[in-house]
Amino acid sequence: MTGIAITVEACGKTFADGTRALSPISFEIGAGESIAILGPSGCGKTTALRIIAGLEGPDPGGRVLFDGADVTPLPIERRNVGMVFQSYALFPNMSVIENVAYGLRVRGVPRQPRLGQAQEVLAMMRLAEFGGRRIDQLSGGQRQRVALARALAVKPRVLLLDEPLTALDAALREDLRAEIDGLLRTLRISSVYVTHDQAEAMVLGDRIIVMERGAIAQIGTPRDIYFRPASRFVASFVGTMNRLEGAIRGGVFETRAGRLPVDRADAAEAVAFFRPEAARLTPADGAPLRFRVARCHFLGAAQRVYLDAGEGAPALIADTDNRRTWQPGQETGLAVSASDLLFL
Amino acid sequence: MTGIAITVEACGKTFADGTRALSPISFEIGAGESIAILGPSGCGKTTALRIIAGLEGPDPGGRVLFDGADVTPLPIERRNVGMVFQSYALFPNMSVIENVAYGLRVRGVPRQPRLGQAQEVLAMMRLAEFGGRRIDQLSGGQRQRVALARALAVKPRVLLLDEPLTALDAALREDLRAEIDGLLRTLRISSVYVTHDQAEAMVLGDRIIVMERGAIAQIGTPRDIYFRPASRFVASFVGTMNRLEGAIRGGVFETRAGRLPVDRADAAEAVAFFRPEAARLTPADGAPLRFRVARCHFLGAAQRVYLDAGEGAPALIADTDNRRTWQPGQETGLAVSASDLLFL
Amino acid sequence: MTQQSRFAVILVLPLAIFVAAFFLLPMAQLAMRSLFSGDGTLTYAAILATPRYLATLGATLGVAALTTILTLVLATVVALFLARTRFPGRGFVIALLTFPLAFPGVVVGFLVILLAGRQGLVGTVSQAVTGEKIVFAYSAAGLLVGYLYFSIPRVLLTVMAAAEKLDPALEEAARSLGAGPWRVLAHIVLPALGPALTASGALCFATAMGAFGTAFTLATNIDVLPMLIYTEFTLNANVAVASALSILLGAITWLALTIARSASGSGVAAAG
Amino acid sequence: MTQQSRFAVILVLPLAIFVAAFFLLPMAQLAMRSLFSGDGTLTYAAILATPRYLATLGATLGVAALTTILTLVLATVVALFLARTRFPGRGFVIALLTFPLAFPGVVVGFLVILLAGRQGLVGTVSQAVTGEKIVFAYSAAGLLVGYLYFSIPRVLLTVMAAAEKLDPALEEAARSLGAGPWRVLAHIVLPALGPALTASGALCFATAMGAFGTAFTLATNIDVLPMLIYTEFTLNANVAVASALSILLGAITWLALTIARSASGSGVAAAG
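For the protein sequence lines, the chains are V, W, R and F, in the order given.
Following this note's numbering, the numbering of the first sequence begins with 1 at its first residue and continues without gaps.
Following this note's numbering, the numbering of the second sequence begins with 1 at its first residue and continues without gaps.
Following this note's numbering, the numbering of the third sequence begins with 1 at its first residue and continues without gaps.
Following this note's numbering, the numbering of the fourth sequence begins with 1 at its first residue and continues without gaps.
Just chain V, with the same shape it has in the complex (with noise of 0.2 Å):
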């Protein structure tokens, strides 16, 4: 089940009563690599997937290849895609390994072979004794499983997943991203992911495509997305972002806070970004910069403090062990790294 290669060129999308959804944008995708499209609700992010699946065509000029091979007048049912949907899509009048034979039934594989390839593909899902089920007496889990084997079942040449996860709860979700995880890491099918979440997308895309509003913010590794984000948009979407506004005189970036050393250019007006991870909290005597906490959340596994950044300002937070504690009011100094500070 080795994936094809995916070209779109220039794909755009305007609707019939002149929204414009996608504006033209053009990526590739490596036969076996995993893509994930990230955005937010309404960037355009399903509406790519829809034109590599052939459920809706590109305006005119935007072409979808697979292994160079044009697709673009192809309807999705003559595409060979698996497609998994965020409301899981079971055939209600169908048992679960109906279901999952289903896409073997259209192609005419006669009832006795498909059910047991079918049986192969639940074992693989870990649903072996769940063939004979309703659909209605499986959980939420369990049904997007029986999706993604119903998809897998018919050997497609690329795997389509949109907003998978949403529907479930967060434990469930976090289970089944591993289990997606390992079935393409195993499997080595292409794949392209849509989600909102970002956790969802650093685990589950070798690459990542950030969207904002129907144009690519940024295509990259996680690594590149996080560390190196294209944008003030990319950089607030991805992770927590902190934001200090100042200026640069001399290879110093002053703020109301403090003063940082930076390796920049002068500025009138810089605004740097930093995460809260590389937020370093230190004693106040002698720190570049210092704060006061506005509050501290123990999270358990770590501890999140809030900075008072002024009237007006929006608190920053830094991430710290879990073991000392902090009280509101209390002074502190904030050192971060030049190599951390972001001026985007």
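These are computed hints drawn from the structure, not numbers from a lab.
All values reported here derive from a predicted model rather than from experimental measurement.
Every residue gets a Cβ at the ideal spot worked out from N, C-alpha and C, and that includes glycine.
Check each hint, because a few of them may be wrong.
Stated by the list, open to error - Lysine to any residue pairs mimicking SDA-like chemistry, simulated, CA-CA at most 25 Å apart:
(1) F:Lys165 / R:Pro195
(2) F:Lys165 / V:Glu163
(3) F:Lys165 / R:Ala263
(4) F:Lys133 / R:Asn238
(5) R:Lys165 / V:Gly140
(6) R:Lys133 / F:Ala237
(7) R:Lys133 / F:Ala28
(8) R:Lys165 / F:Thr198
(9) W:Lys155 / W:Glu98
As the list claims (entries may be wrong) - Covered stretches of chain V, going by a simulated chain F footprint (3 or more residues, C-beta under 8 Å):
(10) 81–87
(11) 97–106
As the list claims (entries may be wrong) - Listed next, with one range per pair, are the computed distances between beta-carbon atoms:
(12) W:Pro314 / V:Gly312: 39 to 49 Å
(13) W:Ala123 / V:Gly312: 14 to 24 Å
(14) W:Arg256 / V:Ser26: 48 to 58 Å
(15) W:Arg256 / F:Leu190: 53 to 63 Å
With chain V fixed as given, assemble chains W, R and F onto it according to the hints.
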């Protein structure tokens, strides 16, 4: 609006069909204290809350005292408690401000003063401009803030919250959690917050009551619960916990993966628990415990490394910083301080 | 999408022709026939000037309105009770209460005669107790009882379904704010049942306006609109008046159904 | 809880008496009267031995069944089209298609006569075109058209609502697995509409079984069960046979309604 002390004395609950929802439990809530009741679904936490509220009566012998006065026979409408529900439970036939003013209307406060007071509470919840809206014009987060305003408008003696954030999505849940935290700190009202989410319990509870199958498993501060869990159930329900089996001989814990010095008496069978953030990954050479990396998830702020603990055993989890990369199959050392090991 | 649309058009084309011919033409015909009477005057004006027609219209509206009000009151009380309490035999009580749904209007009329006709139960009992025989099957009261007979079960089922869908937390919230049972009922429960009550009430009204079998079987001494239409058309061959009355009845019923539909958001219909 | 229960009991006690007296006694009476005919034989046996009764029963069941099948086919096609396509005037088309709901059975009979009666549209057109006047209002065909007239809109609304509630992802999933439009229709859409089709079909059958006004107005040359009950009771004063036929009709309709209710989970009713 300073709160009252609440005493729950031997309150059990057996339903008409004989099911026991709650074994007789007893605990005290100090004036102005925030208590979180934490547990999986069906553990009796909601029943406990409903007994405090007066929506259910305890089995004979149980008593509920408000500031020393027995309120057991009083129905909820005569207890002056504020309640917030998972489903918001806003009255769809009333506008936002009418909802907030409803408790005052029932108390016979004339129209003008009651709308004035309701408007004040709305302003406190940063909903001043929403008074005229219909309920279905609000988002989920706004609805729950209106429900909070409605409960607070009657200046209740205690605020009871039944999974108020469960119906909201993750980002909103965190915002509103911080808002409720601020509110409870500012008003110093006694409160009981029922949840199955340990992060909510940690942030909002001065003390946490962990419940399991109709009984109290542990009462303590968030740090007590996290660092000194009273049982295996508490240890694994609150936060993530690794489990390592072995034997203790002469002050050394011997496991399949290596040996760790411990300060405990000999035992032929011992199970050690430790947190993922207490696990330090070290070079394999000379390390006390050695494992192979099963997989590594880059999560942005941190990395979660899964270590192969051998056939049939669940993978051990080590949370590390986000910089170093780990390859599946690679050998690594694991160090855990003796003080971070819990034998339960 | 275009492929799906084309597929749909192929399916529906033969239907368009059927619809035009069988649905719309007779209705257009009805509207045309209703405009002028045999003597050339506007039929609607003639109807408004004829006391007998006006009286029938008034009586029909009156019985239908009274049926609706009584049905709503009785059915709501029973529905709230049944939705909130679980007791042995509850399912059987619901089955009995809704059994009259299975009887067409003719049989309901027949039941009213068995109850309050000349040899009916009420008459027999009242004669034994007071010496006076009470017979009301053939009066407006009999008609009302007949209409209640088939209205109550319908409204009961709708209101019961709505009451069971009510979030119990709504009432608990009101109680936590200090409201006792009657206030909870008046401020929370009844308003929340509003759409269901409006929808089933409007439907009940529409059904009562168009009911024919019951009235006909009772051969009641008050005339109702569907019977008048029947009489004018079949016996008096007065097509113009029958048409105009049909349009009038159709318009009233349509209005009631529109109210019901916008309140419930689902399909509802007049009496068959 | 106990307090709430006590409150509910106080509300419902007067109702219990009303229900017993007005709902159950007449039904019990009906059942008793149906047992023995005037000459002492079992009425049900007598009915089964009388060809005229059996023929009427067969004709009623036949017309109702045919109405149901035709309605389901026609309404499903139109409903699927209307649920899937958006075009200008769609709301108006739906309003026109559902307008017949506002007419009671008497008016529907009247419409059938306007369409296919002696001076009807079909007759006029057919005479002009072929020289032969087609008149079918007073036959089984006329009755069928009348029943379709009020059945199609009801089923249409139900099926449309069900089709609009269908998760579009179901069809997309089937297509992604290689199924073309006809397969999607046969394997996915129609089975998913199953409960709605069963419920509205059973309701349609129950309504057609009990419809009286249409049949009466058409004065059709085929007899249907409600008319037979009316005739036996009112004209022949044959209470036993009328009672037995009512119970029979009630049982058939009740069965259909039970099927409809278990398929849809909501309140449904026979013809008024």
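Tested hints:
With a C-alpha separation of about 20 Å, the suggested pair Lys165 (chain F) and Pro195 (chain R) falls inside the 25 Å cut-off, and the hint holds. Restraint check: the Cα-Cα separation between Lys165 (chain F) and Glu163 (chain V) comes to about 21 Å, which is no more than 25 Å; the hinted pair holds. Between the alpha carbons of Lys165 (chain F) and Ala263 (chain R) the distance comes to roughly 18 Å, so the proposed pair stays at or under 25 Å and holds. With a C-alpha separation of about 23 Å, the suggested pairing of Lys133 (chain F) with Asn238 (chain R) holds against the 25 Å cut-off.
For the suggested pair Lys165 (chain R) and Gly140 (chain V), the alpha carbons sit about 23 Å apart, so the restraint of at most 25 Å is met. Restraint check for Lys133 (chain R) and Ala237 (chain F): the C-alpha separation of about 21 Å stays at or below 25 Å, so the hint holds. For the hint pairing Lys133 (chain R) with Ala28 (chain F), the CA-to-CA distance comes to about 21 Å; that is within 25 Å, so the pair holds. With a C-alpha separation of about 24 Å, the suggested pairing of Lys165 (chain R) with Thr198 (chain F) holds against the 25 Å cut-off.
In summary, the hint linking Lys155 (chain W) to Glu98 (chain W) is supported, as the alpha carbons are separated by about 16 Å, within the 25 Å threshold. With 6 residues carrying a beta carbon less than 8 Å from a beta carbon of chain F, the stretch 81–87 of chain V meets the three-residue requirement, and the given coverage holds. Figure legend: the stretch 97–106 of chain V, annotated as covered by chain F; annotation consistent (3 residues with Cβ-Cβ distances under 8 Å, at least 3 required). Range check, Pro314 (chain W) to Gly312 (chain V): Cβ separation about 48 Å, and the 39 to 49 Å hint holds.
Taken as a hint, the range 14 to 24 Å holds for the pair Ala123 (chain W) and Gly312 (chain V), whose Cβ atoms sit roughly 18 Å apart. The given range of 48 to 58 Å is respected by Arg256 (chain W) and Ser26 (chain V), whose C-beta atoms sit roughly 52 Å from each other. Separation of Arg256 (chain W) from Leu190 (chain F) is about 58 Å and conforms to the stated range, judged on CB atoms against 53 to 63 Å.
Violation of the numbered hints given earlier is absent; every hint is satisfied by the structure.
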